[in-house]
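> Listed below, chain by chain, are the residues.
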Amino acid sequence: MAENQEWVELTVTVPVAAQDLVVDWLLEAGASGVQESYPGLFPADGEGEVISGDPSEWWGEAPKNKSGKVDLTAWLPKSYLSLENDFQGFLQRLEARFPGILAHKVSIENVPAQDWNANWKATWKPTAIGMRLMVCPSWEEPPETDRIVMRIDPGMAFGTGTHFTTASCLSLIEEIVEKTTVDSLLDVGTGSGILAIGALLLGVKRAVGIEVDLDALAEARENAVRNGVADRMTVTSAGVGSGEGQFDVVVANLVAHTIVRLAKPICQAVADGGWLILSGILAEHEETVDREIQAHGLKRHASMTEDSWVTLLYRP
Amino acid sequence: MGKKIVGQIKLHIKAGKATPQPPIGPALGQAGVNIMEFCKAFNARTASIGDATVPTIITVFSDKSFTFVTKAAPVSESVRKAAGIDKGSKLPGRDSAGKITKSQVQKIAEAKMADLYAIDLEGAMRTVEGTARSMGIEVVEG
Numbered sequence: 001m002a003e004n005q006e007w008v009e010l011t012v013t014v015p016v017a018a019q020d021l022v023v024d025w026l027l028e029a030g031a032s033g034v035q036e037s038y039p040g041l042f043p044a045d046g047e048g049e050v051i052s053g054d055p056s057e058w059w060g061e062a063p064k065n066k067s068g069k070v071d072l073t074a075w076l077p078k079s080y081l082s083l084e085n086d087f088q089g090f091l092q093r094l095e096a097r098f099p100g101i102l103a104h105k106v107s108i109e110n111v112p113a114q115d116w117n118a119n120w121k122a123t124w125k126p127t128a129i130g131m132r133l134m135v136c137p138s139w140e141e142p143p144e145t146d147r148i149v150m151r152i153d154p155g156m157a158f159g160t161g162t163h164f165t166t167a168s169c170l171s172l173i174e175e176i177v178e179k180t181t182v183d184s185l186l187d188v189g190t191g192s193g194i195l196a197i198g199a200l201l202l203g204v205k206r207a208v209g210i211e212v213d214l215d216a217l218a219e220a221r222e223n224a225v226r227n228g229v230a231d232r233m234t235v236t237s238a239g240v241g242s243g244e245g246q247f248d249v250v251v252a253n254l255v256a257h258t259i260v261r262l263a264k265p266i267c268q269a270v271a272d273g274g275w276l277i278l279s280g281i282l283a284e285h286e287e288t289v290d291r292e293i294q295a296h297g298l299k300r301h302a303s304m305t306e307d308s309w310v311t312l313l314y315r316p
Numbered sequence: 001m002g003k004k005i006v007g008q009i010k011l012h013i014k015a016g017k018a019t020p021q022p023p024i025g026p027a028l029g030q031a032g033v034n035i036m037e038f039c040k041a042f043n044a045r046t047a048s049i050g051d052a053t054v055p056t057i058i059t060v061f062s063d064k065s066f067t068f069v070t071k072a073a074p075v076s077e078s079v080r081k082a083a084g085i086d087k088g089s090k091l092p093g094r095d096s097a098g099k100i101t102k103s104q105v106q107k108i109a110e111a112k113m114a115d116l117y118a119i120d121l122e123g124a125m126r127t128v129e130g131t132a133r134s135m136g137i138e139v140v141e142g
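In the order they appear, the protein sequences are chains A and B.
The first sequence runs contiguously to residue 316 in our numbering.
The second sequence runs contiguously to residue 142 in our numbering.
Just chain B, same shape as in the assembly (with noise of 0.2 Å):
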């Protein structure tokens, strides 16, 4: 029989760039894991990845030790870098930030199909769409 699990937290944080601050902190803190260790081994597996936002789920096990498992880029990321943007516009709707292709959109669905509580292409790829529609960018033909 496995270890018993005492918890599970779910953290966006920076690729190759945890520390022993907030969000990492309050949250392993709490949870009585090494920080540093979870640092040290998060950091050597996502410091190739560049300026990225990598979910992060690490299960906390009653002896102190831990796993974590990390997941594709959120999808806003993934739609600002679709689009060649650094931010979403201010006012969606009334100021335009960008544009990105229809076939973007599919890239971007299928990458992150499991994570976005559709139950086929075509609604993942709709909540793609509101995504980037929310960020104010246009979606187009292409």
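Chain A on its own, in the form it takes in the complex (with noise of 0.2 Å):
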């Protein structure tokens, strides 16, 4: 979904016991999904007014919902807004089991194109990471430094540094370009461009990312640009393996999922001697990366993990 999509906001109170029901008819009609709201309650043990959630499930003690009530906000592409009078005939459907369900107004709003993450990116803050780089937001001065200093505007894309999964396979390129001459990357899921950006920064020749949506790649083209590295920076949509080669080191931050998936067209593009990054691995589910990994002939050379995250170093 692009970032300026518009959206329109569907809001319908019903009895607690129909709420699946109701779940199931949005995402069926095509909502990207539903939220649940329990308006005027509070945790007990919090500081501030939840948002929604059932309060049977909310963290300690809570208040019941006398109610028996529960607000559903859908939210649809534009182009769904006919849907209303279907909807309207679902819930006449469903008076007979719920009766009264059909008291409450249906609320329908347009939901301008916005950058949801605006509020978080307000506390965003330049982040040194590994022993050269710092990444800093491109609304941002960058603080007096002796590190590199890459100017990163995330848009709606991934890859800010600040989550371990990215900082540590900066660090990891860092310390091969240390030990070694890079000529070339790969960054398989680029996203802002920020791996690929951060090696031809720490002195990789060139770096080629592969990004399958499409706001993303234009976030990492202008991160090129921004950061001056455009001219030996590659961004496309095309699949891994579509024939562009080896790379002396090759980097997925994905999840466990898609890097087994795409576990055969990675591995054959690391070169003789290169490096495989993998990262966005959940540490549950190493063991079974790990296994497809070697099972395409990569040897394991390393690893970092923090809290619940693993990234993984390879060499053929």
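To be clear, the hints were calculated from the coordinates, so they are not data collected in a lab.
Source: prediction; values computed, not measured.
BS3-like, lysine-lysine: derived pairs with alpha carbons at most 27 Å apart:
| no. | chain 1 | residue 1 | chain 2 | residue 2 |
| --- | --- | --- | --- | --- |
| 1 | B | LYS17 | A | LYS264 |
| 2 | A | LYS205 | A | LYS179 |
| 3 | A | LYS69 | B | LYS14 |
If you follow the hints, you should be able to join the two separate chains into one complex; please do so.
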């Protein structure tokens, strides 16, 4: 979905016992998701109003939902606006089983396109990574530093450097660049382009970033220009294994499921004597990924862990 | 003493397909949570589930950090899968969209017992049967 996507927000109040059916109908109708809300209730051990959720599932003590009702909010692409009549018809059919379900008005509002991550981005500050890099939001003035400053605007793409999965990949790239000359790097799932751009700033000669999300692709290109490396970086939506050749370093910060699915072309893209960095892996999936990569002939060289995340380093 | 909770958010979202768009964007954005970080963690944990809706409860703390738990798929989705159909009937009561057996009802009720507001298995089974009928899915012996 594009960042400039406009949405329709549909809100309806229904008995708790009917919510499962209504949620199912909305998702089947094309809603991207549904939020449950119990307005006006507060958790006993918190300090702010609960935004949504079933009181019985709150952390710690919580008041009972005496109303027996729940607000459901669904978001649909704007082109789905015409479904209001269908939805009313669906509620009418539920009336026999849930008397009064039609008593509450269905609210439909347009939601303009916006950067939903703006609140968090306002708190994002320059972050030192490894020994040589500093990632700085593109709208912030970088602090005085002898580090190499990388200016990033992630837009709605993955990759700000604040998460272990990204920071650990950059640290490993830095270590590899310290040890040897790296001519080429492939970044599978480049997102904001942070790994490929960081590698180029650290001295890698050329990089290819693969990204299937077209919005992220545009962000990666802009970030490459912003950091003066656009002439050495290619960004493409072509799938890995589409003839891009082999690379000294291949990095894939994805999720375990996708890494396993793409294991063969990812491993084939690593040049003899090269390096493969894998991240975005939860500890519970580490063994599965490790088995798959070793089955493709690469040997485990090192690993890094933090909380429940794992980053793995392999060599042919 | 643990961190203060500033909110809990319950969303129904597709496994492995979290994006910064609605519903995650507006729900977590207003809480100041790093949406992309949530998407990364959610997708990592649920990508292998396949095409299913995952009720997810996100707890947000005062330092903008979060935790989340995922619950079993909604009853209606389990009923549809058990009946082997994509959608319920457009006219439940008049058109039949498919059939499920009593033993399938019992399996769903057992799996969803904790979420069904039922005091015993029989009550949970009645809820599952009611959901099936509301979707135009017939419950048969077996």
